[in-house]
Amino acid sequence: MTRWIDIAALEDIPLRGARTLRTPEGCVAVFRTHDNRVFALDDRCPHKGGPLSDGIVHGHAVTCPLHAWVFDLETGRAQGADEGAVATYPAQVMAGRVLIDVDRLAGKRVA
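Start counting the sequence shown at 0; every next residue gets the next number (numbering that gives the first Met the number 0).
Here are the simulated DMTMM-like pairs of lysine to aspartate or glutamate, each with C-alpha atoms no more than 20 Å apart in a straight line:
no., residue 1, residue 2
1, Lys47, Glu82
2, Lys47, Asp81
3, Lys47, Glu24
4, Lys47, Asp71
No lab work stands behind these hints: they were computed from the structure.
Turn these sequences into a full structure, and let the hints steer you where they fit.
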């Protein structure tokens, strides 16, 4: 059974933008796409550690602001010729609130 934690109102995350959820083990970037879907990924590009939350959201992908690596928001996998992936966390919108799977965040212990 999935246990969800309420982290924000959907309107608190800009359209085609992101907000970060800080944890003792690092940050999670929570993205809102053009169609109001939400995705949560580690906020650190595996290439050079760039903050993905500062990247450009397009479709269901984000481009790292440092070296333009593109990551699929659903799978966390790098696109194109680049190789690598970032961890993803189940997220959803319910009644205008953004929820993330607390069990998947257990290793990240929300601060």
